[in-house]
Amino acid sequence: MPKRTDIKSILVIGAGPIVIGQACEFDYSGVQACKALKDEGYRVILVNSNPATIMTDPGLADATYVEPITPDMVARIIEKERPDAVLPTMGGQTALNTAMALHRDGRLKKFKVELIGANAEAIDKAEDRLLFREAMTKIGLECPKSEVVHNREEAINAIEHIGLPAIIRPSFTLGGTGGGIAYNRDEYFDIVQGGIDASPVGEVLVEESVLGWKEYEMEVVRDRRDNCIIICSIENVDPMGIHTGDSVTVAPALTLTDKEYQIMRDASIACLREIGVDTGGSNVQFAVDPASGRMVVIEMNPRVSRSSALASKATGFPIAKVAARLAVGYTLDELLNDITGTTPASFEPTIDYVVTKMPRFAFEKFPGAEALLTTSMKSVGEAMSIGRTFQESLQKALRSMETGLTGLNEIEIAGAPDKSAVVGALARPTPDRVLVIAQAFRHGLSVEEIAHASKYEPWFLRQIEQLVKIEAEVRAKGLPKDAKEFIDLKKKGFSDERLGELTGQSAAAVAKKRRAMGIRPVFKRIDTCAAEFASRTPYLYSCYEGDGLRPAECEAEPTDRRKVIILGGGPNRIGQGIEFDYCCVHAVYALREAGYETIMVNCNPETVSTDYDTADRLYFEPLTAEDVIELVEVERSKGELLGLIVQFGGQTPLKLAKPLEAAGIPILGTSPDAIDLAEDRERFQQLIHRLKLRQPDNGTATSQEQAIAIAERIGYPVVIRPSYVLGGRAMQIVYDREGTERYMRDAVKVSGANPVLVDSYLRDAIEVDVDALADQNQNVFVAGIMEHIEEAGIHSGDSACSLPPYSLPAKIIAEIERQTEAMAKALQVVGLMNVQFAVKGGDVYVLEVNPRASRTVPFVAKATGQPIAKFAARLMVGESLKSLHIKKAKGKHIAVKEAVFPFARFPGVDVILGPEMRSTGEVMGLDVDFGRAFAKSQLGAGSKVPVDGVVFVSVKDPDKAAMVKPVKRLVELGFKVVATGGTADHLRRHGIEAQRVNKVLEGRPHIVDLMKDGKVQLVFNTVDGSAALTDSFTLRRTALMHKIAYYTTVAGAKASVEGIAALSEGALDVAPLQSYFKTAF
Amino acid sequence: MTNLKTAGATDAAPRWATAALVLADGAVFWGKGVGAARHAVGEVCFNTSMTGYQEIITDPSYAGQIISFTFPHIGNVGTNPEDIESINPAARGVVLRGDITEPANWRAAKPLDDWLKSHNLPGVCGVDTRAITRRIRDGGAPSGVVVNAPDGKFDIPKLRHIAEEWPGLDGMDLAVEVTTKQTYSWNETKWALGKGYGKLDKAKYHVVAVDYGAKRNILRCLANTGCKVTVVPATATADDILRHKPDGVFLSNGPGDPAATAHYSVPAVQGVLDKRVPLFGICLGHQILALTLGGKTRKMERGHRGANQPVKDLTTGKVEITSQNHGFCVVPESLPKSAEVTHVSLFDGTNEGLRCTDKPAFSVQYHPEASPGPTDSHYLFDRFVDMIDKSKGK
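Chains as they are written, first to last, in my numbering: chain A, 493 to 1573; chain B, 4 to 397.
Chain A on its own, in the form it takes in the complex (with noise of 0.2 Å):
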C-alpha cells in the first residue's frame, strides 16, 4: 500500500520542556519523524518550545513554531497553518494529552485536521485505566485487580476489595506523577488525595500490588494491513514497584522460555488490536509472578516512548522513522531496514549481545527528598550499554554512568557487616541498589538471602556474585600473567581502572600490561539480525573476544578518509543535558558538510547524537579513558585522524582531554590547558588582572579556616562551591561564619586537589550570560548577549533570560563584548566561549569564563538565527571567521529562556531558587516585545499564568519597596490583592488595596486554605533566612502542587507582570521560526 496522497500537510507535535520522564528521547523521536515525513514530500509542521533540541533546527520542518505546547497555542497555529493531519504519537504524553483536549473540544474536528498514527478511541482506550482494563477482559489478559477512585469514599470502598500494599497511579499524568505505593490506610488515603490532585481529570486507579513481580516490556510495531512485529523485548532488573524509567533494565528479556516469551508476544500484539492503535510503535508492559509464571498486563503507550529510544538503539531498528511512515500509509514490507539495506522493515530484530540500561539519579539536588524509588519516575538521564554478556554489559555499564564507578564500587552499608542491617539494605529500593548487592555478597549473604530481600531474579544475582567473587581472586593474587585469563576478565566487563583498584595500581599501569599482552577489544555491529545479513552501517560496540592464540575478529573497517571523532555528553543530568546533544550533533552535522567523516562517541540512548544514521560511524561507548582510547586507536590505523573534539558534550568529554592528550591523541579546538587555565581559579585571576578586567573578591580555600579567613577579608555574604562542577553543585549563598563552617563541614570534602571557591556574593546584580566564537587568528565573534532576569546568585541555568538584553545600556552592552574580546584572544579560544558577567551599579565583574560550548548555545542559536555550533565545528578544524560569513542578526523580536524544575517529583523539596541549579530544562518564548515573549516562556514551561484573579504576595523587608509598582500594575489590570501581615502595611501605605491573610503558622484560614479553595491565582513571595524558609514552605509546595503561578524572587514577579499586561491586550499570535530569519540555518 503506497503512502497516502489525500494528506498534504502534517502537524508534529513535540514533547516541549526536558523534564523528568520526558527527555531527549523525544527529539530522537520527533526528528526522525520529521525526517521521515519531509522525504516523503509532505509539508512538516512542528510545534516544541524547546530551543534545545534538533527538531526545532529549521531545516527539519517546513514551518516551525517554538511555540508552549498549550491547546490553545497548537489551534492557533492549526488556524494559521491548516494542516490535513496531526501525528501526536512522537512528543510523548504532552502531545498526546493536546492532542486530545483539541479532539475533545471539537476543534480538530472544527479544522479538519485528522489524528494519524493513534486515533482518539485508541488513544482513550489505552489511557483510561477502566477502559483498558475492560479491553484487556474482553481478550482475555488478565489485569492486577483495580478501581477507578474519584474521592475518599470510593477510595473506602475500593481499598476493602483491593487490599494493601496497593498501588495508586493517577489518570493523565506523565511518569506516573503523583502516584504511589500505600503499605498502610493513613498513607493510602494520603497518596490517593496527592493522585487525584495531580491527576488532569482528578482521577486515580487504586490496583492489586504486584509488588516484587517479574517487570517485562515489549515494544510493538503495527501496520494498516496488521502486520505486526515485536522490535525488543525489555526485562527490568528492578521487580514491580519501581518505575520502568527508574529500573536497571536489560534487552532482551533473559529469563523467559520461548513458551512463556511467546504468550507475552500474542498478548501484546493482542493489545494493540484491541485498543485500536492502527499504526506505529507502542508498549506494552507485563508482571509476571516469578513462582507461577502468571502473567498480567500492566499497561500500554499508544505512542513512541522512552521504551522504544532504547529499544532502538538497542537493536538498530529505527521505531520512530518507521512509525511516521506507517502513520502514511506505508506497509512494513514495504520499508527498507536501513542498517542491512537488503532487507525489509518487516520482519524482528535479533540479537547476539546483551544490552543494559542504568539510571541516572540527582536526589542530591534535592534535600529533603526520600531517596528511595517508587512507581513515581525521578530519574534524569540513563547510560545503555552493549556487551557480549550480561555481565559484560552490566559492568559498562556502572561505567558509563559517570559517578564515580568504576565497576561493582564498594559502598559502605550501614551497620553491616551485621546481617539484618545488610537485609534493611537490600529491601530499600534506593537508586544504587546493584551496589548494596555486591557489597551484600561480599558481607557473605548468600543469593537466596539477597533474592529474598530485594526480590531480584537470582539470575542476575548470582551473575554479580561472580563478578564479586572474580574480584576477591584477583585481590588476592593480582593480575593474571597468562594472557586467557586476562581476556576473561576483559570478557566480563572488567575496566582497567577497576582492575587497578583490585591490584593496587593505576588504570594506566594495567593498561600497559595488558596491551603488552596484545589484549585490545574487538568493535562488533549491531545489525538487527546477528550478522546472519552484511550490515553496511558502522553501529559498533566493543568487547572483548578471542582465545589469546590470535586475534579476535574485529569489524570496526575504519575507513581511509579524512575524519573527526565528537565526543558525547554521557547520561542526562540536571547541568548536562540535550543542549549539549544538540552542540554535539551540529558539529556531526558541520562536519559532514565540510567533507570529513564524522566519528561519534556517546552512551545516552535517548539522544539524536546516538542515531546511527547521525554521524558517518557510531560507537555506542562509555566515555572513559579506557574505552574512548581503544576506539580512537583503530579509528587512527587507517586514514587520516584530525582530532577530537571533547569542548562540545559537557563535562563529561573534557575530563578525558589530559588522558587523551597524554596517549598522544589530537584534541582540535582550544587547547586542554586553556580549559584548565580557566577552570582554575589561580591562573584564571592571574589573566584577570592582566587583562585589567574586575572580578567578584574572591579566594581558593583548601581548609575550613582559610574559607573562614577568605569570607571575612571578603565580607559576607558569600558564594561557595567546590571547583570543577557543573550546574552549581554544592553551591550556597552563605550569609555568616556559622553558615561557612556548616557548608564546610556537611557540603564538601575539600582536599589540595580539590578546593572550594569563595567568592562575594554581588547583591541585586544583573546577570549576563555571553556566547562568543572565536577563530584560530584569535578573531572573536560575539554570538549572543543574554541578560538574566534573575539577579546574580541564582544559577544561570535555572534563571529565565532575555535575548537581546531588555535593560542593559548600550555602553555596558559594548563594555560586555569589549572583555569577551580581551579574554577569547588571551586564552586562545578556538570554537566557543561563554562568559558569565554580574553588571552592578554600572560595573561589569566576571563571574565565570568556560572556553566550550554552554548550555546557551542552542538558544542562542535559534533566537539570533545563527548555527553557531555548526561554526564553531568549522573553526576548530581551521576554518576563519572571515570565511564562514558570519553577519551580525539584526532582529526585531526578543527570546526568552524560561527553566522547568522537576519539583512536583519531589516531595519535601522546597522550590526556592538558588546557586545550584535544579531545572531540568527550558523552553523558549520568541515574540515581538518582551512581554509577549516572556509570557511565552511561561506558558510554555507549564505555569498557567493567569489574566484577572486574586494575587498573594508576601515578600521579605528589603523586597517590598520594590514590590509596589508591579503590585499597582496588577490591580491597574483588575487583579484583587491579599497580602501577609507586612507586605499588606507596606503595599496599603502606598496606596495598594491588599487584604490581609494570617501565614500557616498565624492560624486559620490561612494562606493555603486560600490557595486549595482555588481563591489564589498568582503568587509572589521571597524570602531570606531559614527560619522564614521554613515558615512559607508549605504554601509554595501548595501553589507548586495547585499549579498556580508562583514567582520566588522580585525581578520574576516583575517579569511576569510584563506578561500579564501582554496576555491581556489580546490572545498571543504565533509565527514560525522561518518567518523571523531569512536564512536556513
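No false leads were mixed into what you were given.
In silico negatives: residues of chain A with every beta carbon more than 10 Å from chain B:
hint, residue
1, A863
2, A968
3, G1087
4, D1172
5, Q1270
6, R1310
7, A1314
One-sided excerpt, in silico: chain B residues whose CB lies under 8 Å from chain A:
hint, residue
8, W19
9, T54
10, P75
11, R100
12, R110
13, D131
14, R133
15, G309
16, G320
17, P375
FYI, nobody ran anything at the bench for these hints, they're computed from the structure. Model, not experiment: these values are computed from the prediction. All C-beta atoms, glycine included, are put in the ideal place defined by N, C-alpha and C.
The hints should help you fit chain B onto chain A, whose structure is shown.
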C-alpha cells in the same frame, strides 16, 4: 580483520581448553566443554533465535547438524520436561558463546549442561559464535567436529580428518534415521500457561501424519484443531497411509536432502494426491510435495534458521513472522502450472509455500507450529481443517 585461516598453528591445545570446534577447512575454535564428553561430526549451522534452545535442539530437522547459537546466553532458563519437540535430540552438538548458567525460570527442572549430558550431546562454550555466523554467511555451512574432552587431550588432525571425510548433507537421507519405527496415535494438544499440555477429547477428523522427523508441536497443533493423529513412518507407502482411512494427510518436517527421500516419499504422496485426500506439508513435507508435483529442490548457501523470518502470503499480502529451519529450498521455476506459489521469504525471495490449483493440497517451507518462535502462522492448521471440511462438502 578476519584471521581465522591461520589455524594451523593452533593444533596444540591451549592449557585451559576442554573442548573445541574443528572445521574441515582447518580452523579450530577452542573453548570449554559442556554436555557429554565425546565428539560428534556434522554440518555447522547457526540459529539466531533468542529463546527456545531446548525446542531447537530437540527439533529432528537438525539431524546431522551442529548448532551454533548466535545468542550468547544459552541455558539461561534451564531445561524442563515440557519444552521438547522429540524425545531424543537429533542434533549432533552445540556451540555456545557464553558459559551455561544456572537456570532462571520457574519451570526449570535441570540445568542445560546436565540435560545435554543425559542426551549424550557434546558442546563447546566460550566461542565467538558471531564470528562463526559471519563465516557461514560468507562461505556456506562447513562440516565440523565438536569435541568435549575434559582431560584437555585432543587429536586435532584426526578430528579434522573426520570432518573432512564427512560426506555432508547434500544427498543424505536423514529422515529414515529420525522417523518413528512404529505407527502410533497422538492426542496431546497445545501448551497453556498454568495448565501444561491438553488432551483432545472428541476428534472431528482423523489425520495421518507422515513422520520425516516431525516436531511434536505440529502434532499438537493438529490435535488442537480437532484432529486425531495417526503417525506413520517416513517410508510408509500410499497404501499404508490410506489404510487408516484418513480425512487428511500431513507431511512433516525433517532433516537432510529432500531429493534423497524421493524414491519412497514421492510415490507415497502421489498415491495420496491421486485419491484427492486433503494434504498439508511443512518444511521437508513442503519440499516432498514439490518433488511429487515434478518440481526441484536445491541446497541453499546458508539456509534459514531463526525465529524472526518474514514471509509474505501472496494471496493476502500479509506478512507473518515465522520460525524457520531449512537448508534446502524449492526452486519455484521448476513447479508445474498447477502449483501456485503462495508464500515468499522477504529476506531473500526464496519460496516459502505453494498450493495446488487442481487438488486439495498446500504446503509451507516454514514452521507454522512455531515452538520456538512466533505463532503468527497457526492459522494454517485451521486452513487445513477448512480444506478437509470442503472436501467433505461441508
